[in-house]
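Generate the whole structure from the sequences, applying the supplied hints.
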Amino acid sequence: MTAYETVIGLETHIQLNTLTKIFCACKADSWEDAPNTNICPVCTGLPGVLPVLNERVVEKAVLLAEAMHAEVQPISYFDRKNYFYPDLPKGFQISQFDVPIALGGYLELPIPAAADPQGKGYVTRVRIHKLHIEEDAGKTKNDGSERQVDFNRCGVPLVEMVTEPDLRTADEAAQYLLRLRQLLRWIGISEADMEKGNLRCDANVSIRPVGATHLNEKTEIKNVNSIDSVREAIRKEVERQTREVEEGNTIKAWTLEWDQDAGVLRKMRSKETEADYRYFREPDLLPLHVSDEWKRAILADFPERPLERKARFMQDYNLPEYDADILTLERGLSDYFEAAVKAYGGDPKKVSNWMMNDLLRMINEDHLDPAAMRLTPQYLAELLKLVDAGTINMTTGKALLPQIQESGKAPARLVEEQGLAQVRDDAAIRAVCEQIIAASPDEVAAYRGGKDSLMGWFVGQVMREMRGKADAKLAKEVLTELLK
Amino acid sequence: MTEKEQAISPEVFDHLVQLAALELDEQQAEYLRRELNSQLSAIRELEAIQLDPETPLASHGVPYDEHNSPALRADEWQACADVDAITRQAPQFEDGYLIVPDIPHTTLE
Amino acid sequence: MELCDLSAVEVRDLLFEKKVSAVEVLEACLARIDAVDGRPGTLDPGPETEEDTRRVHAFITRTPELARAQAEAVDKKIAAGEDPGPLAGIPFTVKDIFCVKDTPSTAASRILANFNAPYTATAVERLQAADALTLGKVNLDEFTYGSSSESSAFQPSPRNPWDTSRVPGGSSGGSAASVAAGEAFLSLGTDTAGSIRQPAAFCGVVGLKPTYGRVSRYGLIAFGSSLDCPGPLARSAKDAALMLKAMAGADPRDATAATLDVPDYLAALEKEVKGKRIGLSPDYFQITFPQANGEYSQQPVPEEMRAAVLHAVDIYRALGAEIIEDVPMPNTRYGIPVYFVISRVEAASNLHRYDGVKYGYRTQQAVGELKDLYRKSRGEGFGLQPKLRILMGMYVSAAQYSEQYYRRALRVRTLIRRDFEEAFDPQGKYRLDALLTPTTPTSAFPIKDVYGDSVLMQYADQLTVPANHAGVPGISFPAGFGADGLPIGLQLLGPDYSEATLLQLTHAYEQASAGAEWRAKRPAVLEVH
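Protein chains in written order, with UniProt numbering: chain X, 1 to 484; chain U, 1 to 109; chain F, 1 to 529.
Be aware that one or more of the hints could be misleading.
Sample of chain U residues with no beta-carbon within 10 Å of chain X, all distances over it, derived [what the hints assert, rightly or not]:
no., residue
1, P10
2, F13
3, D25
4, A29
5, R34
6, N37
7, E45
8, A48
9, Q50
10, L51
11, E54
12, H67
13, D75
14, C80
15, D102
List of simulated lysine-lysine pairs, DSSO-like, C-alpha gap at most 27 Å [unchecked claim]:
no., chain 1, residue 1, chain 2, residue 2
16, X, K27, F, K101
17, X, K196, X, K267
18, F, K371, X, K222
19, X, K141, X, K81
20, X, K398, X, K349
21, X, K349, X, K267
22, X, K141, X, K295
23, X, K267, X, K27
24, X, K120, X, K27
25, X, K252, F, K101
26, F, K101, X, K267
27, F, K271, X, K81
28, X, K141, F, K101
29, X, K81, F, K376
30, F, K271, X, K139
31, X, K139, X, K267
32, F, K371, X, K139
33, X, K81, X, K252
34, X, K141, F, K376
Quick caveat, the hints were computed from the structure, so don't treat them as lab data.
Every value quoted in this text rests on a predicted model; they were computed, and no experiment measured them.
From the three backbone atoms N, C-alpha and C, an ideal C-beta is built for every residue, glycine too.
Structure follows, in structure tokens:
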């Protein structure tokens, strides 16, 4: 039996999180709005209207191009893509065709061991063919034998980004989307929520015998609205194509639609060739000039990319890959970490531990924005220093985290207000230890009889008696001496 | 003009009509195809022109530069004053939606 | 001479001097409309009557109530001692290709017959803001596709006020006819290949196609988006200057509307002609006509057209202008073939939106699926001329033909533009301020004579269309009458944004010929009446 390999190219449509639509002053985000209320003459294609380009759209597209290492074109053009569909009020989509805003680029894609058939994990590079700016269409949905049309989404700005056919497994496709989503949020140009359609993906899928270099006829899977669905839809389609080829059938260039609920692919219209779109320059818009000066201004605060930051965290702070990966999943979190490390000055791994164990849980449970927390990186550092100095113990420290977040008060102040400083007075601890030993004759006998593990119990009793404020190390020393 | 010289044959014409989403009666179709071929022979005059391949495409006649080009639009929201006046124009509008007939789909086995 | 036959500038002055009221001016125009216009165009006209053949039929929709309310507001302003706008109390008509809020905006097509625009075009909005009075929407070729106004879905179509057996030209035929007949002082038209200048010439009025982007296209129902220019039709250069000043300028809703300052066109009229360089080109004294056998023949323009140009040359020379002869404009002859390609591609795309879903006409027949709805709605809603443009646009922009036709046409357009750049180059050989040409190859042709032959009809625009390709401004002004008793128009073409010069030269010609016998002639519809 022939072994096949899968060839996948992804076309992603990225909704930009501008305030307004691409060519008119309606809101870009109308997720909560009633149908056909976020519309105006321009985005509904009334006779006589004209598009006027939103400058923030260009700025966000340039940020994305930079993130993808793509080359921003000093002059690009808008074109009309002509076709009939009820969600496209003008009967054409304003898009970019032969000279788009950016060309080339790539995304480095670490594939985790779990997604590697060899179980080892590897890194692959997915090349980007082009990025272009275009307007979104409206939405249609079936209602019995009729179809309902909602124009609220018409004219929402999109960047369509097309990869080269460089992906080889459904898992790689899923990883690409995960990393892209991370990047989009990192540079702040899209909410990138697939369920809300902020990030949409069409997958071009074909198969070929392993070792072949040609590209076979492909099918295009549309309407996949989660990363898991992309993985599942591609797997299903690869299975289907393999079956067809093995039965001696040819693959036709169909457009398929993923039905999420039924978990099946449906065939849409037979794929139109590009010739039928009759692209031509949009005469209502001037060529788009992105001068070096403008580009410099847009990129002035361009951040370090997530994978670069991850590598630097491992290098500079000696973090394990696992920690570095999690701390760079989100830009605000990684900024937090770095600020805390700087303020702390001690072992970065310690900061990482506190963040991975405690802070992340708080952030996730309460949907906190790391950049806006009252528990600032400086407070976290201060808290760690209090623990290091033995002013408070670790348990007290961790218990203080939610209190700092709630009150916004400095850790030292809370420690003082609540009298939480550790008792380090040898005499006070000695008195309590003596009291515990006197009250626990059985345990003392057992300990002296060789059950060393009871030491923990004794320390615990002392801590309880002193409401957690005793210096545990000191208590242990005293107990050891007294129980000799 | 002989049938052979007509670049827009009945088959090409039918394809164009499909793409254009037009339903035509026979008389209209005959007139339109005749006029198309006649216009096309006028257009063919262009083929004789010696063109330097470097000649740029002119999408507009008037050049635009920093002196006459409008700025791009600032990203500022302004709600439409009368949305109903737009949806009121729709031939079929129910429950907040424009209504069109169904678009057929096929399920794959 | 009645109130409605004065110039807009004269009426404005009378108004400011409180010698007439805006309502009186309006009533004069409404009375003239009643007397000469006949019934407005409708979708369902029934048979043509004998009376129909003697009327102008400029209108599709009349809005006398709106105009009256505007007139009363102007009178109130004047009575209160407030400054009224620069077009206060001047009644004007709007080619029904512009959207005007709460008014049917039909494009003279069945497919938009029931469309009520929820917004007003920028040019109209500015005229209204200048306190002009909106008389209504005037007829045109369907979607502006024609040069005779006969292709309107709203019949009877407009007739030429000088001879109602003749077409008024087109596509701004209703505009030119309404101004010529004294129904309105001014009209807002559009020019994509000559659609302001050709009907202006046929009807004996002034028509100005501004530089592309000088007047906002927002609210103009698009034909050829890279060619369309809104512009004024008026009975004198002065009135055209007044109107252009009110509507030109940048518009945040049109990304192609130039951001240059708008000069005071009225003030510029009185400048000296002395030292102006006016060119003549042999390429504008010959015309190409397609013959019945499919061949093309070149022949000189009719002698009376040439004579009118030469007479104007004498006038300008006498005023101190320099006349530069033999300016080569070798690509003029490609204007029509290039136009056949570019305008059709843009038109086909612009007409995609009319599909029976959002507004306008939807088929009454039962439809099974969506495509059926599209085909039937468009099949029934569009007339033959839009269909022809859609199909041609589809053909020449198809991927396999685009290089051969569309992209080639855009390159030839560059050549046409270069002809003008060389002629107008201030450091060049010719250094022209304007090029003087006939506006049309013929005077107004008889109704039904050319209609139906889409190629011959298009060639009526061959002397006007190059300016649309190049984007440069052009003006047509009356220069006497032919042996057939019909007006002859002359055209001045100038460099980008030189409207002030074109208006000035036109004004100078008007002043110099003010005493000529032909100036006293009145349109036939007025003599009968």
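How the hints compare with the structure:
Taking the minimum C-beta to C-beta distance to chain X, about 20 Å, the non-interface status of U/P10 holds against the 10 Å cut. Distance check for U/F13 against chain X: the nearest CB is about 16 Å away, which clears 10 Å, and the non-interface claim stands. Every Cβ of chain X is farther than 10 Å from the Cβ of U/D25; the closest lies at roughly 21 Å, confirming the non-interface assignment. At roughly 20 Å, the least C-beta separation between U/A29 and chain X is larger than 10 Å, which holds for a residue marked as non-interface.
With a least beta-carbon separation of about 23 Å from chain X, U/R34 lies farther than 10 Å from that chain, consistent with its non-interface assignment. Interface exclusion of U/N37 from chain X stands, the closest Cβ pair being 20 Å apart, more than 10 Å. The beta carbon of U/E45 sits about 21 Å from the closest Cβ of chain X, which is more than 10 Å, so the claim that it is off the interface holds. Once the 10 Å rule is applied to beta carbons, U/A48 is consistent with being away from chain X; the minimum gap is 24 Å.
With a least CB separation of 24 Å from chain X, U/Q50 remains clear of the 10 Å interface cut-off, as annotated. Its beta-carbon lying about 18 Å from the closest one in chain X, U/L51 satisfies the requirement of being farther than 10 Å from that chain. No beta-carbon of chain X comes within 10 Å of the beta-carbon of U/E54; the shortest separation is about 17 Å. Every CB of chain X is more than 10 Å from the CB of U/H67 (nearest about 13 Å), matching its label as outside the interface.
The Cβ of U/D75 does not lie farther than 10 Å from every Cβ of chain X; its closest approach is about 4 Å, which violates its non-interface assignment. Chain X draws U/C80 into its interface by the beta-carbon criterion, the shortest separation being 4 Å against a cut-off of 10 Å. At roughly 5 Å from the closest C-beta of chain X, the C-beta of U/D102 falls inside 10 Å, breaking its exclusion from the interface. Of the pairs offered as hints, the one joining X/K27 and F/K101 holds, with about 24 Å between alpha carbons and a cut-off of 27 Å not exceeded.
At most 27 Å may separate the alpha-carbon atoms for a hinted pair to count; X/K196 and X/K267 meet this at roughly 23 Å. At roughly 21 Å between alpha-carbon atoms, F/K371 and X/K222 fall within 27 Å of each other, so this suggested pair holds. Straight-line distance between C-alpha atoms of X/K141 and X/K81 comes to about 23 Å, which keeps the hinted pair within the 27 Å bound. Pair hint X/K398 plus X/K349 holds up; C-alpha atoms about 16 Å apart against a cutoff of 27 Å.
Of the supplied pair hints, the one linking X/K349 and X/K267 is violated, its CA atoms being roughly 52 Å apart against a limit of 27 Å. A C-alpha spacing of about 40 Å is found between X/K141 and X/K295, which places the hinted pair above 27 Å, so the restraint is violated. Restraint check for X/K267 and X/K27: the C-alpha separation of about 33 Å exceeds 27 Å, so the hint is violated. A threshold of 27 Å between alpha carbons decides the hint, and for X/K120 with X/K27 the separation of about 46 Å lies outside it, so the pair is violated.
Our distance criterion of 27 Å between C-alpha atoms is broken by X/K252 and F/K101, whose separation comes to about 50 Å. Taken as a hint, the F/K101 and X/K267 pair is broken in the structure, with Cα atoms around 44 Å apart against an allowance of 27 Å. Our distance criterion of 27 Å between C-alpha atoms is broken by F/K271 and X/K81, whose separation comes to about 49 Å. Distance restraint check for X/K141 and F/K101: the Cα-Cα separation of roughly 32 Å exceeds the 27 Å cut-off, and the hinted pair is therefore not satisfied.
Using a Cα cut-off of 27 Å, the hinted pair X/K81 and F/K376 holds, with the two alpha carbons roughly 23 Å apart. A distance of roughly 59 Å separates the Cα atoms of F/K271 and X/K139; the hinted pair therefore is violated under the 27 Å criterion. Restraint check for X/K139 and X/K267: satisfied, since their Cα atoms lie roughly 19 Å apart, inside the 27 Å limit. Of the supplied pair hints, the one linking F/K371 and X/K139 holds, its CA atoms being roughly 18 Å apart against a limit of 27 Å.
A threshold of 27 Å between alpha carbons decides the hint, and for X/K81 with X/K252 the separation of about 24 Å falls inside it, so the pair holds. Only pairs whose Cα atoms come within 27 Å are accepted, and X/K141 paired with F/K376 is accepted, the gap being roughly 23 Å.
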